[in-house]
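K.L.:
Sequence:
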Amino acid sequence: MVNSRNTNRKFKGFTLIELSVVITILGVLAAILVPAMMGWVEKSNNATDAENARIICNAIQADCIESCDYESYTRSPWYGGGQKDDDHGYVYVDKREVRCSSYKVAQLLEKQGFIASAAKPDRVGGGRTYTVDGKEEEIKEYVYVGSKASSMLCKSKKTWYRYQVNIFDRNGTIEFAYSALAKDTEHDNDTDMSSKTNKIDRIASENLAKKAGMGYADEYTSIGPEYTG
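Note that the sequence shown covers residues 325 to 553 in this note's numbering.
Hints were generated in silico from the structure; no laboratory data involved.
The calculated label-pair distances, taken between Cβ atoms and stated as ranges, are:
{"hint": "1", "residue 1": "Gly458", "residue 2": "Trp364", "range": "48 to 54 Å"}
{"hint": "2", "residue 1": "Lys482", "residue 2": "Gly548", "range": "20 to 26 Å"}
{"hint": "3", "residue 1": "Ala442", "residue 2": "Ala383", "range": "17 to 23 Å"}
{"hint": "4", "residue 1": "Asp508", "residue 2": "Leu350", "range": "30 to 36 Å"}
{"hint": "5", "residue 1": "Asp393", "residue 2": "Pro549", "range": "28 to 34 Å"}
{"hint": "6", "residue 1": "Ile389", "residue 2": "Gly537", "range": "16 to 22 Å"}
For clarity, every value in this text was computed on a predicted model and none was experimentally measured.
The beta carbon of each residue, even a glycine, is placed where N, CA and C say it ideally should be.
With the sequences and hints as input, model every part of the structure.
P.N.:
Structure below.
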């Protein structure tokens, strides 16, 4: 026999006030947690970029010691002379492409797994001639876009959104300096070391240098135009 009390029981749901209270509490929690989570994500992205930069510096330093080939790493394909201490090699990284100052640098990035094996560059530019190991060598910029360099593309969004590892020969010693840009602190270059139309950001550069180690923040060398293709 069915219990009539059970069949006649009325189940009561949330009242409108109770539902409003629950939604308000969830909104407050989201307002607290979401910014914190975004901050954790940004810190993780910063650490990834900094570690990539540190790996590049370590690998270049080790290869220079072994091969004594400083020229291929420390010469710019765009250098025109006449600017004090401005000649340098580089690895440029943004969210869509990686630029290398020479084929030797591109080979090293491929060896470290940052560029897909046997990937052909999407663009080749520059082309300055230098004497390397007693022979004339044309040093060009090699550019890799998208999936060809996906493991190295810039992860950080706010602390910096693109950066560059600069490689210098200082009296026979390899030195590394970091240039980075954050959209809220970048400005046109105000030194005589690089093109005035390029960007510079000491705050972002110092942040990257602090996290990456193996070098210092570059106060002079600016970063050229961002990829727009």
